[in-house]
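A.B. asks: Residue numbers for the sequence shown follow this note's numbering, so the first one is 537 and each next one is one higher.
Because the hints were derived from the structure by calculation, they are not lab data. Where hints are given, some of them may not hold.
Unchecked claim - Quick list of in silico lysine to aspartate or glutamate cross-link-like pairs, EDC-like style, CA-CA up to 20 Å:
id: 1; residue 1: 874; residue 2: 858
id: 2; residue 1: 984; residue 2: 1045
id: 3; residue 1: 711; residue 2: 666
id: 4; residue 1: 707; residue 2: 615
id: 5; residue 1: 984; residue 2: 927
id: 6; residue 1: 885; residue 2: 851
What the hints assert, rightly or not - Distance windows between CB atoms, simulated:
id: 7; residue 1: 982; residue 2: 945; range: 21 to 29 Å
id: 8; residue 1: 1020; residue 2: 881; range: 22 to 30 Å
id: 9; residue 1: 891; residue 2: 745; range: 35 to 43 Å
All C-beta atoms, glycine included, are put in the ideal place defined by N, C-alpha and C.
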Amino acid sequence: MEEQAKIEELKNKLLEEYKIAEDAKQAEEAAKRAKTPRRTKSTDKPARAAKTSKPVQADDNEPAEIDDSPLTPKRFPAELAILPLRGVVVYPQTIVPLTVGQPRSIKLVDDGVGSNRLIALVTAHNPEQETPGPGEVYTIGTVASIQRLFRAPDGTIRMLVQGLHRIRIEKFTRKEPYLKGIVSLLPEKNEGSLETEALSRNIVSLFTRLGELIPSIPGELINSALNVDDPLQMLYTIATYIRIDLKQAQELLELDRTEDKLRKLMNLLSKELEVLELGRKIQSEAQTEMEKVQREFYLREQIKAIQRELGEGDEQIVEIEEFRRKIAESGMSDEARKEAERELDRLSKLPTAAAEYGVIRTYLDWITSLPWSKTTLDNLDIGNARRVLDEDHYGLKDIKDRILEYLAVRKLRKDRADELEKGETKDRIRREREGAILCFVGPPGVGKTSLGASIARAMGRKFIRMSLGGVRDEAEIRGFRRTYIGAMPGRLIQTLRRVETRNPIIMLDEIDKLGRDFRGDPASALLEV
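Sequences are here, hints too, so could you generate the full structure?
C.D. replies: This is the structure we're talking about:
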């Protein structure tokens, strides 16, 4: 009895929620309707005629005078008006608010209120279709009674309907002015087994957890679901208030056995609960990340304020000034200086938390750490070079003669450059810097790499070896694009930074092992550098 009282209390609350005070015009219309004779419904069935001989009040503000006793085939009218629903499924033993605005639907409701207030509710296949026909609605629906209705100023009708029983549309008898058809009751198979009890308890548990994640589900509804003894009533009540796909909601209505309905609803609740818990986890992680960013920003502002009080400069300003000093002292070319200053100006306008800040900072760090003006003096003494080559290698007379010839040509060019006028010197020096590239060919272990080290020792330059064996990506030579995470310059730039001089002897070792595939041709990239 207490459970039934709670359900009735919830029902009354829902009725009060959708009650809207009528304006003066609606009150006048209601008064006019009260003066007109009440309509009665004629029927060929004596049993039903005796029940409907008493007229039903059609006032929009008054509750329906409906017999709440269960429907039976003897009391059930064979033909009912059919109201297609879009995007919603109405279940038995539930109270649902509906809004109708089409002229055919409004006439259907008016005729239903004037008779026994019973209408058949079926769902349309396509929720976007305005006026679905007989072949465009599901054949299984719910017979419902109109509990309360009122007319809105825009002409639409808002009403509360109570689902009574499942029905099947056997045949459509009329299409105009609204759908009408022969319907039959579909019994619910409730065996009351232990499986039903177990499934019901699981559903109540899942729904309780779901109510904790969805604030829009009222607490009274959760309590009523906990206290309902009828598993079908509990099932339909919960299915009305949770988010279910239209097709799955219709499948739930069409199932005959209670166990099958409970099992399907349990699966739907489990999936919805999993989605909500995952969404809550993602939201919590995002909130934590936002709080972390806000906390870091607040702490940085505090650090800046403390530094201002202590007379110390901002960390970002200090870093920018350090880069500016390095650019000025690097001795880089005018073109490189212009590019570096442009990037430094961009860096000064970005917050330290920006993603591009780290990219520009890495670029400036590389460009300022290169040995733009650091060089080693060349020792072009041919006699010293011959002595060094003989000390490091035995034999190889032809190779040593070619190396000494190369060094002699470089010495001659340098001496000639000193004798030329200033205007001609620049062109001579440019060609002297171009020089020649010596290529050592031979099997492994004959001394190709060590000959390069001997040349560097003879000239007084630094020597560094760069192995190209197995390199398949041309970006290894040219450098990676700055848009990539962890982008770095090419191997030649890395070598110059590591050797800390602008004129080292660089040995490009194992150039015959360069790969070539769909990712690029590193050998061709060597022609560029």
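A.B. asks: For every hint, state whether the structure bears it out.
C.D. replies: Status of the hints after comparison with the structure:
Taking the CA atoms of residue 874 and residue 858, the gap is near 17 Å; set against the 20 Å cutoff, the hint holds. Pair hint residue 984 plus residue 1045 holds up; C-alpha atoms about 9 Å apart against a cutoff of 20 Å. The suggested pairing of residue 711 with residue 666 holds, with an alpha-carbon distance near 15 Å, which does not exceed 20 Å. Between residue 707 and residue 615 the CA atoms are separated by roughly 9 Å; this keeps the pair inside 20 Å, and the hint holds.
For the proposed pair residue 984 and residue 927, the alpha carbon gap of about 15 Å is at most 20 Å, so the pair holds. Only pairs whose Cα atoms come within 20 Å are accepted, and residue 885 paired with residue 851 is accepted, the gap being roughly 14 Å. The hinted range of 21 to 29 Å is satisfied by residue 982 and residue 945, whose Cβ atoms lie roughly 25 Å apart. About 23 Å separates the C-beta atoms of residue 1020 and residue 881, a value consistent with the hinted range of 22 to 30 Å.
Against the hinted window of 35 to 43 Å, the Cβ-Cβ separation of residue 891 and residue 745 comes to about 39 Å, which satisfies the hint.
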